[in-house]
Amino acid sequence: MKAGPLRGKRILVAKPGLDGHDIGAKVIAIALRDAGAEVIYTGLRKTPESIAKIAIEEDVDAVGLSILSGSHRELVRDTIRCLADLHGHNVPLFVGGTIPVEDRPELLSLGVRRIFTSEMKLSDVVDSIVAALR
Amino acid sequence: MVKPRLNRRELSARLSLAANARVCDSLTAAYVDSDDSYRIGITGPPGAGKSTLIGRLASTRLLRSDGDLALVVIDPTSAVSGGAVLGDRIRMEAVAGDPRVFIRSLASRSNLDGLAENLSDVLLVFESDGFKEIIVETVGVGQVEYAVRNLVDTMVLVLMPGVGDQVQAMKGGILEKADIYAIHKADLPGTTQLIAALNSVLKQKAPVAGSWAPMIVPTSVDNDESVDQLNAAIEKHRMWTKSSRTMSMVRARRRAYHVGSLVARRVSEVLDELSPEALTLPPAALYEMVILRLRANLPK
Chain L
1 MKAGPLRGKR ILVAKPGLDG HDIGAKVIAI ALRDAGAEVI YTGLRKTPES
51 IAKIAIEEDV DAVGLSILSG SHRELVRDTI RCLADLHGHN VPLFVGGTIP
101 VEDRPELLSL GVRRIFTSEM KLSDVVDSIV AALR
Chain C
1001 MVKPRLNRRE LSARLSLAAN ARVCDSLTAA YVDSDDSYRI GITGPPGAGK
1051 STLIGRLAST RLLRSDGDLA LVVIDPTSAV SGGAVLGDRI RMEAVAGDPR
1101 VFIRSLASRS NLDGLAENLS DVLLVFESDG FKEIIVETVG VGQVEYAVRN
1151 LVDTMVLVLM PGVGDQVQAM KGGILEKADI YAIHKADLPG TTQLIAALNS
1201 VLKQKAPVAG SWAPMIVPTS VDNDESVDQL NAAIEKHRMW TKSSRTMSMV
1251 RARRRAYHVG SLVARRVSEV LDELSPEALT LPPAALYEMV ILRLRANLPK
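Going line by line, the protein sequences match chains L and C.
The numbering of the first sequence is my numbering, which starts it at 1 and goes up by one.
The numbering of the second sequence is my numbering, which starts it at 1001 and goes up by one.
If you're looking for bench data, these hints aren't it; they were derived computationally from the structure.
All of these numbers come straight from a predicted model, not from anything done at the bench.
All C-beta atoms, glycine included, are put in the ideal place defined by N, C-alpha and C.
Heads up, some of the hints might be wrong.
Stated by the list, open to error - Just so you have them, the derived chain L footprint on chain C, three or more residues with Cβ under 8 Å: (1) 1011 to 1023; (2) 1080 to 1087; (3) 1127 to 1135; (4) 1232 to 1239.
All chains should be built: construct the whole structure from the sequences, respecting the hints.
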């Protein structure tokens, strides 16, 4: 078996909020699996509280939030707070979806490690996650 | 003396340590068996509805207990990348948010008998933190992957209608092993035929005095009463195990499986490390070489 670059990593791919489109999240989940990661997928419409609980129970190395609803600022802030409530302050957070350029500095300043958009090549997204978790 | 419980993050880290342990680490970890925990194994073919049924069953059991409940759910590792998508918990939404519930997803990794590497140790970590009940979901299995039998007290095989004639073919394998048969999606056509076929297979076994007579329970997620009936069957079996098995019998069986799975894993590690030249040796010489390497000290 060829060892993928994410071998041994556990990554949560989560869909917070009310948007009902998870093709992107599933494509990312499969790409991360193919890079060797064990990917936990939450399914649609999760609250920040439940995402934090899952991240802690699954002892993940990173959390990826897929957000297409436009509520990314609130959802990211809440998820970070909920993670901290459960002693998960240092879990790396990635965000993907429709994130306007002007909102990105704020998310990064909250502690988001990387922001991915649909224009990016899938292999670049995976490479970026590999580099961030190295 | 009551040991203080770990917080969830600490427990989670402890579970990872157990799940990721190498053979030598697992042998020295010395987890202690718990005397009063109860383990339910849910197994069955892919798509039978195991995860959904577990979600419903867990709700029912939580209503009747005041303790914590651990769910250990296993999905297959990709043989190509070594990665996995673990999605069982999506179907357990009703209980996932409950503070008394702790769900851990595991990838099967090198395990090929329907379970996950180091599952023995993972279960003991939960129990040593005070969990009195654990439900284990195996990967979707075929006819012979019934290793879960060794690690749980009650084994439920989930089948669904439309596989009636396969039941005959299965009779030598997993079908002999379950305590309870849940005929899930029992609102679909073919349920009566499946129950009849299953009954005829189970009746071929002559009953032994004092042994458990397997139960068949039709279930459907739209029918709360059917989930209650499954739970009643599980409770009945739990009471039966209490009166018919001693803890030392249970421990012996768990220990045999634990050590057997470590040996099997070590064998596959040794085989992976062999050079291409070694693989040209005749079988007897290669066998001898593998045995010699197994006897050498474990890599530290």
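Results for each hint:
1. Coverage of the region 1011 to 1023 of chain C by chain L holds [criterion: at least 3 residues with CB-CB distance below 8 Å; count 5].
2. Judged by the Cβ-Cβ criterion of 8 Å, the region 1080 to 1087 of chain C is covered by chain L as claimed, because 8 of its residues qualify and three suffice.
3. Only residues whose C-beta sits within less than 8 Å of a C-beta in chain L count toward coverage, and the region 1127 to 1135 of chain C has 0 of them, not enough to reach three; the restraint is violated.
4. Against chain L, the region 1232 to 1239 of chain C contributes 0 residues with a C-beta closer than 8 Å to a partner C-beta. That does not satisfy the three-residue criterion, and the hint is violated.
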